[in-house]
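Participant: Spelled out from the first residue to the last, the chains are:
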Amino acid sequence: MEHIPTPSSTVGPFLHLGLTEKHSITHIAAPNVKGEHIILRCRVFDADGSPVNDAMIELWQADSEGRYRHPDAPRANECDPAFLGFGRTATDEKGCCEFETIKPGAVPAQDGISQAPHISLAIYSRGILLQLYTRIYFAADSANEHDPVLALVPKERRSTLMAHPDSSRSGHWLFDIRLRGENETVFFDV
Amino acid sequence: MADLKKNSTIPTYRRLQPGTQPTRLYEPYKSTRLRNPAQPLIYLPHTLSEITGPVYGHSPIAETDNDLTLQHTGEPLGERIIVTGRVLDDSGRPVPNTLIEIWQANSAGRYRHGCDQHPAPLDPNFSGAGRTLTGDDGTYRFVTIKPGAYPWLNHHNAWRPAHIHFSVFGRAFISRLITQMYFPGDPLFDHDPIFQSVPDEKARQRMISKFDLETTQPQWAVGYRFDIVLRGPEATPFES
Chain A
1 MEHIPTPSST VGPFLHLGLT EKHSITHIAA PNVKGEHIIL RCRVFDADGS
51 PVNDAMIELW QADSEGRYRH PDAPRANECD PAFLGFGRTA TDEKGCCEFE
101 TIKPGAVPAQ DGISQAPHIS LAIYSRGILL QLYTRIYFAA DSANEHDPVL
151 ALVPKERRST LMAHPDSSRS GHWLFDIRLR GENETVFFDV
Chain B
191 MADLKKNSTI PTYRRLQPGT QPTRLYEPYK STRLRNPAQP LIYLPHTLSE
241 ITGPVYGHSP IAETDNDLTL QHTGEPLGER IIVTGRVLDD SGRPVPNTLI
291 EIWQANSAGR YRHGCDQHPA PLDPNFSGAG RTLTGDDGTY RFVTIKPGAY
341 PWLNHHNAWR PAHIHFSVFG RAFISRLITQ MYFPGDPLFD HDPIFQSVPD
391 EKARQRMISK FDLETTQPQW AVGYRFDIVL RGPEATPFES
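The listed protein sequences correspond, in order, to chains A and B. To convert, note that position 120 of the first sequence is 120 in my numbering; the numbers rise steadily by one, no gaps. Just so we're on the same page, my numbering is the position in the second sequence counted from 1, plus 190.
No lab work stands behind these hints, which were simulated from the structure alone. All C-beta atoms in this analysis are idealised placements derived from N, C-alpha and C, irrespective of residue type, glycine included. A few of these clues could be false.
Said to hold, decoys possible - Far from chain A by the CB rule (all over 10 Å, computed), these chain B residues:
hint : residue
1    : Asn256
2    : Arg270
3    : His381
4    : Met397
Said to hold, decoys possible - Here are the simulated DSSO-like cross-link-like pairs (lysine-lysine), alpha carbons at most 30 Å apart as the crow flies:
hint : chain 1 : residue 1 : chain 2 : residue 2
5    : A       : Lys94     : B       : Lys336
6    : B       : Lys400    : B       : Lys336
7    : A       : Lys94     : A       : Lys22
8    : B       : Lys392    : A       : Lys22
9    : A       : Lys103    : A       : Lys155
10   : A       : Lys34     : A       : Lys22
Chain A on its own, in the form it takes in the complex:
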């Protein structure tokens, strides 16, 4: 028998009380986890280009070998326990938040094709009644050209899904989320 899922609602302006004040997770991978360690800085803007300072971002990713730490995923038991794969935190007054993680490996899709390294992202805030899903890809990764999900996105909008290296700090990557308007980020219907 099918049941209707409970409707989602906004986290409202006081989400920190229940979700991030004591239970933020910003270290997705501990320093000893194998892989290319990066600091990922996300920024969120609204339709006016103003920073969204009361959002929460959640990330979900595979490890450097493309393994998800999940019972349904292949090779999950090979994941390093110091690799969580999950992070979440609130944006600050500039609409920013930072995660310490590793660059994920290519993830298997179906029939032997693989997905380019990417991180799944969900965003929650006042004014968002149902979380918005997007993906972070890594600019200039040659695997992007063959990624089956990027192929679903019109060419001129693919750049909105790219994190870029911060030229001033090595190992740092920047990802901007524009909720609406010019250069609006691509969001997915999942």
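Given chain A's structure and the hints, the job is docking chain B onto it.
Facilitator: Chain B only, in chain A's frame:
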């Protein structure tokens, strides 16, 4: 993209039905206007990235985390309540061992949060946050204080019906649900754009808890039941 659509090895999750979830850009709720995309969402066939999610690694649950009346030296003011229910997937299967987090205003309608400007008293004995894990049959239980209604600035004389925020993980990144639980018979429902943003009447009712005499404990606390349904995998031919 034929490759992505062949889901021979991984379960595909059921899609949300139109009208049963809130309208993203809902004019009467002003904050939705600047924070939701103008472009249509792009349909994403489910891959391993969507149907997996954080099931391990959350910080441990402390003993008083599911009893919000025991987190300080004294007892909080207000009406003591028990909120209990089950977390199920959309096929009716229990979702065991999943993290539920709640947060709420105190009995006067005030959140313990620096941004809450409502001139109602804080309660030194109430933080308003809790967490628990579901049992093997998907059940959970919180003891707390019934939150008060509170004003907000969305429109003239705007008041939120009393509610408790619920955050539930489930098994997949796309089964994740954050919602608000309401109390039966609240006169503010008709005037609340957040509640009204869900078009389907039956789906809206799913956000309202039910008074439950069996849960109610004599001489101690009124009980409410709130069952939560998460998206789940479509049944495979191998399942009965």
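Participant: Against this structure, judge whether each hint is valid.
Facilitator: For each hint, the structure was consulted:
1. Asn256: Holds: least Cβ distance 13 Å, greater than 10 Å.
2. Arg270: holds, 20 Å
3. His381: holds, 16 Å
4. Met397: violated, 6 Å
5. Lys94/A to Lys336/B: Violated, because 35 Å separates the two Cα atoms, which is more than 30 Å.
6. Lys400/B to Lys336/B: This hinted pair holds, its Cα atoms lying about 14 Å apart.
7. Lys94/A to Lys22/A: holds, 21 Å
8. Lys392/B to Lys22/A: violated, 35 Å
9. Lys103/A to Lys155/A: Roughly 24 Å separates the two Cα atoms, so the pair holds.
10. Lys34/A to Lys22/A: holds, 27 Å
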